[in-house]
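Chemist: For reference, the chains in residue letters:
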Amino acid sequence: MINSLLDNLDHRLKSIDEYEREPVPKEKQKGWRGFLGMYAGEHTAGTEFVIGALFVAHGVSAVDLVLGLIIGNLLAVFSWAFLCAPVAVKSRLTLYWQLRKICGQNLALIYNIVNAVMFCFLAGAMITVAATAVGLPFNIPMPGLDDWLPTSVGWIITVFLVGSVITVVAIAGYEYVARFANISFPWMFLVFIAAAIAVLPSLGVTSVSEFWPAAKERIWTGEPVAGLTQFTFWHVMFFAWFANMAMHIGMSDMSILRYAEDWKMGFSSAAGMFFGHFLAWMASGILMAAAAGVVAPGYIAYNSAGIAGALCVVIAGWTTANPTIYRAGLAFQAVTPNWKRWKVTLFTGLLTTIIACFPALVMNLLDFVALYGLVLMPMGAVVFLDVMFFKKLNLKSNFAEETGSKFNWAAGLTWFLTLTLCLAINIYGGVEIFFLGLPGWFIAVILYIGFSTFIQRKIKKDNTE
Amino acid sequence: MKILLKLLSFTGLALTVVPSFFVFSDTISFEMHTNLMFFGMLLWFFTAPFWMKEKEL
Chain B
1 MINSLLDNLD HRLKSIDEYE REPVPKEKQK GWRGFLGMYA GEHTAGTEFV IGALFVAHGV
61 SAVDLVLGLI IGNLLAVFSW AFLCAPVAVK SRLTLYWQLR KICGQNLALI YNIVNAVMFC
121 FLAGAMITVA ATAVGLPFNI PMPGLDDWLP TSVGWIITVF LVGSVITVVA IAGYEYVARF
181 ANISFPWMFL VFIAAAIAVL PSLGVTSVSE FWPAAKERIW TGEPVAGLTQ FTFWHVMFFA
241 WFANMAMHIG MSDMSILRYA EDWKMGFSSA AGMFFGHFLA WMASGILMAA AAGVVAPGYI
301 AYNSAGIAGA LCVVIAGWTT ANPTIYRAGL AFQAVTPNWK RWKVTLFTGL LTTIIACFPA
361 LVMNLLDFVA LYGLVLMPMG AVVFLDVMFF KKLNLKSNFA EETGSKFNWA AGLTWFLTLT
421 LCLAINIYGG VEIFFLGLPG WFIAVILYIG FSTFIQRKIK KDNTE
Chain F
1 MKILLKLLSF TGLALTVVPS FFVFSDTISF EMHTNLMFFG MLLWFFTAPF WMKEKEL
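Sequence order for the protein chains is B and F.
Going by this note's numbering, the residue at position 342 of the first sequence is 342; the numbering climbs one at a time, nothing skipped.
Going by this note's numbering, the residue at position 47 of the second sequence is 47; the numbering climbs one at a time, nothing skipped.
Quick caveat, the hints were computed from the structure, so don't treat them as lab data.
Nothing false has been slipped in among the hints.
Here are a few chain F residues that face chain B, going by a calculated C-beta distance under 10 Å:
| hint | residue |
| --- | --- |
| 1 | Thr16 |
| 2 | Val23 |
| 3 | Asp26 |
| 4 | Phe30 |
| 5 | Phe39 |
| 6 | Met41 |
| 7 | Phe45 |
Predicted model only: the values in this text are computed from it and were never measured.
Yeah, the Cβ is synthetic: ideal placement off N, Cα and C, and Gly gets one too.
Put together the whole structure using the sequences plus the hints.
Modeler: Right, dumping it as structure tokens:
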């Protein structure tokens, strides 16, 4: 009986991956409405509670924050609209299947493992966020900015409790949570806004005209917490731009935008950027200032919105960790094709939960988010060039598929050398991780064109001889 | 029926966000705001699933 139940779950999990291996047909394509709702919901997540607060901890000034978020988010929207959406609409495949055509089975597999590990860390951060709210009624000591290791046995038990529930739900009720996330978004977003407005009087703001002076003197003061680096306009702008680098420049969102009727629907990402990554980040900064510098999201939400606030943190963490664990499981399954989907998801959930016990991840979330985007970005550049420009450059697209290669060395070397050069710029040039994505993308473009030209000419020459 | 459900849902959202403006203008207490947010949450989650569309993507 248990076997039949697990087989049934497996069948349902597999049915979610519609058109995974073939282009999305015209009748299944979607319009603006679906994309606007999806982006707005996806970018109002549990981690938003942490990111806005960490900006405050890093001593961003109010002017730098507002300008940096406006420009950075605009650049992110342009990256979706002008880089990711045109590729997605042209190929209509998921990133993974497009990568298999370009890079070959083995390189796509390595990419999948790296991607899955990154997803586990991301989902781990979301579980940590949810655990800070679940632990509140039990007086579990919450981790602070300096905490890297689990702070108590109670904390570990709380994280395992949250992680287990999320994992079981990811296996048994993925579709229900996806629907629940859709329903939760309008409410979650309003909780962010309401919580921030309600705590303003405690920061000395009792009229609209008092907001800006208080924002500069009491919230985004420009003074970092001891031991943290000072953030400037450039940090905020590049962070806002590259926070979802894996999705736009890295092309992960091909999986979503391949359903778009038109590439212009890439602009619908503005809903996510300006609700989630502008208003919600600003709101969480206000909440942290009102909570006297505490960063634990559960506490700051409870402090400003009571039980509804704490539950909002749990729901925000849960609804975003759930698909992330599912996607990570999907990526790991490419490595273990003989394992049932539920087994892989269970393994992924366990790994994610162990990661979530360590508050170091959430307390350094800004660095991790930047690293996540950077690591996957070079392959995004590879896909962009291959789909959009290779024919114009008289180079062969989908090299691996055309030649039967299992490992496209031009793409592999581009990925490896781009990251090596970025690391060198970081270590020897002292350039912080937040800024490496931009030079890294141009490095990847030059390397991929160079290596592809060299390898393809060599093959042509060998064939003619 | 659907109209009534929608009305209740939007009342739930209103109870979530509007009281915060009253706290800001010192018209209601902070405790009242958190209580109203809680009721707003219940109202939203008990009514919205019955009329909101399936996730499109």
